[in-house]
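Single-letter residue listing:
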Amino acid sequence: MTSKKQLKKELIIQSALELFASKGFYSTTIPDIASSVKISVGSMYNYFTSKDVLAKEIIKYISLYLGNKLQNINEEKISTEEKTKKIVEVYFKTASLKPEMIDYFLRIYLSNREVFKNGCEGMICVNEFVTEIMIYFEEGVRCGDLRDQDFFSAFGLFMGYLGGMVFLKGEEILPKALDTYIDDISYNIYKALSK
Amino acid sequence: MIKLIEKIEGEAKLNFSFKDEKIDFVTIEFMSTRNIENILKGKHALDALVINPRVCGICGHAHLIATVQALEDCYEDLKISNKAKIIRELTLNFELIQNHFKWFYLTLLPLFGHKQQVLKATYPSQLMAKAIALFGGQYPHTSYTIVGGVVCEPTEMDIIKLNHYIDETIRFFENNLVKTDSNSFLLSDKIDKFLEYEGDLITILQQIKEDDMLALGKSYDRFISFGENSYFKKAKSIKTKVNDSVSIEYVKESDIPSSFAKSVTFKENYYEVGPLARAMINKAALVKDSHRKYGDSIFSRILARVCETSQLLAHSKKLLERLDLSEPSYINPNVDISKINGSGTSAVEAARGSLIHKVELQNGIIQNYEIITPTQWNLSGGTKKKQGVSQKAMIGLSDTKTAELVFKTFDVCSVCTTH
Amino acid sequence: MIKLLWLSGITCNANTHSFLNYPFIEQFLNDFEFIYHPVLDSSYTLQEIVSNEIECDVLLIEGSISPEFQRADVSIEDIIRKYAPKVQKIVTVGTCATFGGIFSQSDYKDVTGLHFDKEQKNQKFENLFDKTISISGCPIHPEILVNTLYAIKGDIALRLDNFLRPKEFYAYTVHNGCVRNEYFEYKVDAHQFGELEGCMFYDHGCQAPFTHASCNKILWNEVNSKTRVGLPCFGCTEPTFPKANLFTTKKNMGVPENLPLGVGKRVYLTLAGITKAFKIPRLEKKLLDD
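Chains as they are written, first to last, in my numbering: chain A, 1 to 195; chain B, 1 to 419; chain C, 1 to 290.
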């Protein structure tokens, strides 16, 4: 794919994300998205053949985006405690700068599993992200910092906590900015997962 | 006079003292020990299934079976399918058969002035190794039987293959050791008539007769066997009187000052173990007749070992008929071994006699492990006043070469003894 | 005729007996002569071997080595020092002789293999390094030992790995050729003992994907292998043998600590994530059922 086409594709994804966040997933149509990026509905189909395909591409895009950030953290020579904090930071930063991205993940990907049934089985479409979380866990246990346990019991604690905070933020219940909670939350998570 | 006895799965030193040109006393020395019992301490219980076959390269499978049974004995109520029990018994039989062939063609023949017959040793023992590998994946050193059963799931095709291995081994026996069909051989009950056959066993037995060696190697005429299965019985035999009230709790190990091996007694007495012991307890007709005529001599001892080969082959065929492949191979124990606190004991009949394992577990970790091997029974070193079984068998002989022959009729396994 | 000396250190003799499982043993004994072997008739006794210097071409060492250990009252190290300089090649037969193996845990002092103490290289016999070939395995596979000896006889240059093992046999992993491969490839991770189906890598400690050996290429006793019957590979050809907890896979939060040889964690987890998402009905059901 040419870089021009790639840029256009990312632009469509970004606009779709914003529309899904403001109008809702089901109320947003392909023509809505086309007009927001100022292209014809016809040429939209050159990029995404249906809304379901677009939906899947978006979740892969988010997974890749977060996965890359986490990979950089995983590759740093720092303690598990520091990694924990950096992951929380990245997640909250993304939620603040690109709220529509995390919103999509929580409200659309996790709550509309039927859309993602074909082609996004299991955790395939969030593979990059989950892989990095696994590496963070595995290395934490291997070096003796984290307590060994089932993957999902740890994953649930980590992601449930972060997701919950972003959800509260989205509902405007959270009194302070997300990043003011980073220290306490990463302390809590590390404390819960460490030996 | 010290003689180094070689090629007994290692070496041992026999220190002879002579009086009036006859052996008056002999001490047996094993020069090393690997202390496997210590290696096991602190290890996870199931790791013993991998470590213990490595006690011995020729009878390690008996150590595997003894290990799994000792571990299972730590459970209060553990279910094992009949199928798993039969498969375990079969593979143990195959190892015994393999040992007996190797002993006859590699160890015994040279003692009678013949050349070793390597192919006659390896051909049938390779067939038996293949038979074990069908279930165990490989031989030596498989760990295929685990707490709860066996890991394999044999199919009908495996059983067809297995029958071929057994049949071919029977054919080999009939064409070489005793040239007759196994049925007539197994029905033989008169040793004189039996000697009219031909074959490699008969050649050796005739030679013993002709060379006036019939009285050699007699000991206490006291036998014991602890392993129980569908063929072997737990009992003792003293001068043909068989009594089945034997309990492992009366078995005691003690140090021998001059050797790394330990002595072992039952109620303070030395006993012979192995094929002759098992034949006396099972009242095998042909061996009984030989014993009646020639006592517990090398003649009976050699005959018993070779007869057992044929008996076990025939018995394995019968066992196979009882094998129901639809039963489970493995039943997951209801309690994980990491929760097991307790002790277990097992006894199995290995090629050379009773093998005893004892284990103590705490949260599935081995606190203590004891192994008593067959050769320890036969080679227990006593004092002049109270000699061990093989010591007694060598006393009164006039030369060390004959003593070595008598010694080796016990089919000595040095590595087992120096576990 | 190539003259062989089979010397035993601290051993259980299983390499000796595994060697006797070589199917064409007669042919072998026509082509090679044992000046000493622990079971087979040989030209000399052990007593003669340790007290004289007998002409010899290849020294085979079985069992681990300790300065304390003696054979026929002579230190095993002295016997090696006597014969090693004269022979054309030395072959360490089995994992004990190569890496120290199981008996490095015995009560003897400083137990090691000839050149390696587990992964660590030994200095003691460094001058013999260039003439040594390692045949690791607990026990050795008879064909691998025998064919290596024929390669020595035929002056064939063998390519060796860092532990001096012939690559032709040890470049493979035990995983290559395992009949349970598909359960591994498609991450069908439910394995129960006593079944034809399933892969022991996930729960039951199988080390096949990271163990260098040809067990599933050159079958045992010409018929089978441990993993084929459903027994995990215990990594017996490797310097680390025996590890602890051999029937359990060491995992860190569900991720196996040891991954297939040369496969990075990120690659492994990415592929595993994809295959695990799909169900393959053929691999979910019993192999022989309808």
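Hints are supplied without guarantee of correctness; some may be wrong.
[Unchecked claim] List of simulated lysine-lysine pairs, PhoX-like, C-alpha gap at most 20 Å:
#1 C:K250 with B:K43
#2 C:K109 with C:K121
#3 C:K243 with B:K41
#4 A:K69 with C:K121
#5 C:K243 with B:K43
#6 C:K121 with C:K3
#7 A:K51 with A:K5
#8 B:K408 with B:K209
Bear in mind the hints are in silico, worked out from the structure with no lab data behind them.
Verification of the hints:
Between K250 (chain C) and K43 (chain B) the CA atoms are separated by roughly 15 Å; this keeps the pair inside 20 Å, and the hint holds. For the hint linking K109 (chain C) to K121 (chain C), the alpha-carbon distance of about 17 Å falls within 20 Å, and the restraint holds. Between K243 (chain C) and K41 (chain B) the CA atoms are separated by roughly 14 Å; this keeps the pair inside 20 Å, and the hint holds. For the suggested pair K69 (chain A) and K121 (chain C), the alpha carbons sit about 41 Å apart, so the restraint of at most 20 Å is broken.
Between the alpha carbons of K243 (chain C) and K43 (chain B) the distance comes to roughly 10 Å, so the proposed pair stays at or under 20 Å and holds. Taken as a hint, the K121 (chain C) and K3 (chain C) pair is broken in the structure, with Cα atoms around 28 Å apart against an allowance of 20 Å. A C-alpha spacing of about 18 Å is found between K51 (chain A) and K5 (chain A), which places the hinted pair at or below 20 Å, so the restraint holds. The straight-line distance between the Cα atoms of K408 (chain B) and K209 (chain B) is roughly 18 Å, inside the 20 Å bound, and the hint therefore holds.
Checked against the numbered hints listed earlier, the structure breaks hints 4 and 6; every other hint is satisfied.
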